[in-house]
Amino acid sequence: PERGSQLLHQPEHPNILKLLAVIPPTLLRPQIVPVAPEADFDLRRYVGRPHGHNIVILPGRTTRLTLEVIHCLAEQLLAGVSYLCAQRIVHRDLKPCIGLLTAVAPISDSPRPCLLLAFADFSRARILPAAGVPPVSSN
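Numbering (this note's numbering), first residue to last: 27 to 165.
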């Protein structure tokens, strides 16, 4: 459907996972296959962990779940949701496993790597109609 193809051309935002390609359906595989960059892990690794807990993010590298890290992730989560709202996109399936985290080079001389949060899996998402435009019937 047209809605789905619109969502596959995802907006440019650091907290929205950018698709590298979309493999079209075939007779043997009727679903489209999105191709995305690899992430180090998802947000489930952090959910339910006590404050101060060490978490392995890359082989041989750990980060501590500090208030600074929690604040940084919450800020990115809200920035991503805010951008989706501005684009009139409703994700409809936000959960920890679609919050992908990638360790990026630290901005300062800190030995702790920074974590970039990006939303993925827009398979259930919908685009809301613009103000004053009636919604398209799904019949």
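Because the hints were derived from the structure by calculation, they are not lab data. Do not take every clue at face value.
[To be verified] Result set (DMTMM-like, lysine to aspartate or glutamate): computed pairs, CA atoms no more than 25 Å apart in a straight line:
1) LYS121 <-> GLU94
2) LYS44 <-> ASP68
3) LYS121 <-> GLU64
Evaluated hints:
1. With a CA separation close to 22 Å, the supplied pair LYS121 and GLU94 stays within the 25 Å bound.
2. With a C-alpha separation of about 16 Å, the suggested pair LYS44 and ASP68 falls inside the 25 Å cut-off, and the hint holds.
3. Of the supplied pair hints, the one linking LYS121 and GLU64 holds, its CA atoms being roughly 18 Å apart against a limit of 25 Å.
In terms of the numbered hints stated before, the structure departs from none.
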